[in-house]
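Protein chains in written order, with my numbering: chain V, 1 to 392; chain L, 1 to 357.
Be a bit skeptical, because a hint or two may be false.
Partner residues aside, some chain V positions facing chain L, computed with beta carbon under 8 Å [claimed, not checked]:
| no. | residue |
| --- | --- |
| 1 | V24 |
| 2 | V121 |
| 3 | H129 |
| 4 | G149 |
Keep in mind that the hints were calculated from the coordinates and are not lab data. No residue lacks a Cβ here, since even glycine has one placed at the ideal position from N, Cα and C.
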Amino acid sequence: MQVFKAYFKVMRGSAVSIAINLGVFIGLAVMFSFIAPETMGRAFEAVKAPVAVVNRDREGALAQGIAEYLSQTHRVVDYPDDPEKLQDALFYRNVEYIVIIPEGFSERFMSESRSVIQKVVVPGSTSSHYVDMSIDRFLNTARLHRRLGGIDDQAELVAATMADLTPDIPVSVILADEVGQEERPGYAYYFAYCAYALLAMVMTGVSSVMMAFNRPDIHLRNACGPLPKRRMSLELAAGHGLFALGCWVLLMLIALILHGKNLAPWQLAALYFLNTLVFAAVCVGLGLLIGKFVKGEGSQAGAVNVIALGMSFLGGIFVPQSIMSKSVLSVARLLPSYWFIRANDEIWLLSRFSVDTMRPIYGSIMIQAAFAAGLFLIALLFLSKERRGPHP
Amino acid sequence: MFWTLLFSLVLATFFYFAFGNLTDRLESFNPIGVAVVDNRAYRNDARLRQVLASLSQPGKGQLLELAEVSEEQAKSLLDTGDVAGVVKVNEKIELVVRQSGIEESILKAILDEYVFMSRTVMRVLANNPAAVREITDRKSYTEQISFSNANPDTMLGFFYALMAMACMYSSFWGLRNTIDVQADLSARGARRSVAPTHKLTVVLADALAALSVSFAEVLILLVYMAFVLRIDFGNQVGYIVLTCLAGCVAGVSFGSLVGTFVRGSGSVKTAVLIGLNMTMSFLAGLMWAPIKDLVSRKVPPLSYVNPAALISDAFYSLYIFGSHPRFFINIGLLFMLSALMCTASFMKLRRTRYASV
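Generate the whole structure from the sequences, applying the supplied hints.
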């Protein structure tokens, strides 16, 4: 058991960075669980674009009417009239459309002189067209009432316009029923990010231990010790297994705490657990290789970082696969994280549990298992080669 | 050194493949595919046909890509995703869609508007039958202005955070320097402690060496991102380079701070440094760009003391606002933080005395 015990002594050294990775991950997971849209109902709901309304024509009843109409048809986000803050909001898409109603707009509209509403948008974006339509709809209707209905009072004009635009006889929208929801639910985000957490934590831990055991002097000392090689490898493997399993259990516990109530039926949870478990094995394999090839702590951190972030971004962990370009996706197939996310996405799209619907999920999980096996083989190959090599 | 540089380059390339052009593909407007079931009710509704036809007129204002087809064809077009929705006219207008997305919402808005307009038309025409021309004349009431000439592409946030991370990697050099001057941590430190050279000279020489190496690394990354990947940093080259320099200075100082104040062996210090670097880069937007903005709105003090966030915000404000006060505040804070960190670690180093063993 010496090796097994030494394993966790070495592990203590990297506990800080593993804990920080876990902290970053939990931060991300909790945040995204709140940000991710709630599971959508089976009824159509019009998208509400996030809009900032800067009303510089505070006195005008018409301007207030526009602001009111926009708050009904879109999601108005409160922002002060400060170009810098508004620009930040647009860049990070807290708002997708900034409406600026200039001073005296209502007066000019009523007197039929040139009156325009200023907008700051992401040029050429779909949401800019969408909000344009709402503003134009309101003002065109108001104009008709003004010119043809002869309404001179702003408040009255707003009331008449609103009455016309209130959807009491709306176009009925039907959702074609065989299609599932297109948006990842909160728990699916959580399990997707688990892949990042596993990559960062397991690779850091496993590679640190392997780097310690592979240090030339330690390696040579162990090689001439009385402990059989097989015994040592077995204890190391047990250490890796226990460590990865520990990380996995921790993440699954957090999953149950954060999303337990949404994870019904139990098969759903079981599939997610299986998928993440197999991916944890892949991470062990990667950790073994990093521990083998990387020398020095700085480059270890770099390697873990690049592999974890690279796999995450290219495999579709942070950016959903559905919006990635085809050419990138075809390269991403060479990464285990791609198959992890494939399975992850297929699981939440499941509406019923049968052999047929689960086949693609098991397929993706098997491919990950194959990746893990491949990585283990490569690591073993290099280990045994080295042992046969000449002593320095 | 080679490795940290290589990793930054590789990560930049990954970022580029994962979301170069992503904003464009996701957000750019393309005419929305819509199928109309070509039944008798539709053929009799001349006004609807006219409205749909004018909206699908090729040109700048084209909103729709219209297909007038049979009911079965419409269904298969919807199933394959070639159209976002199917319009069916009976006594009422019906829209069949697959999901509640923005394109579907626009389709609904168009049809709603058609219904609203019909109602307004009826009301107005009852009083004023000669107004048909006025009604069909639809005006646009919005005018696009902008606060900045730069395209607000959120994805740039990831690349700026990556630059920040690369700058913060200089902290590994800073850390190494402190290990190299502390007698209880390295043989080199022990030798230098008994050397007659003044500690300040030693520390300054080390710091300058660390700074020039890491600055060179960051510049290589900058050149690669700006010229090979074509990431837009704006065009004020001098200020961009200044940001890199300020970032490296902050990185080296931060490494020295961790090296002197965190107790333990070299590897414990390294682990702490790696963790802190990761946390700071995360808060600067490396994993999810909007978090930088979120932090600066919800917990402003945190973004003023996080060098990584200051670096990425400096790149951001330079790109969006040009040489705006905000850029100089970022740079100023970076230098101030660096000065504080350096002073603190030098004070600590200066007082250190070792027992002779």
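Hint check results:
no.	hint	in the structure
1	V24	holds, 5 Å
2	V121	holds, 6 Å
3	H129	holds, 5 Å
4	G149	holds, 6 Å
Of the numbered hints stated above, none is contradicted by the structure.
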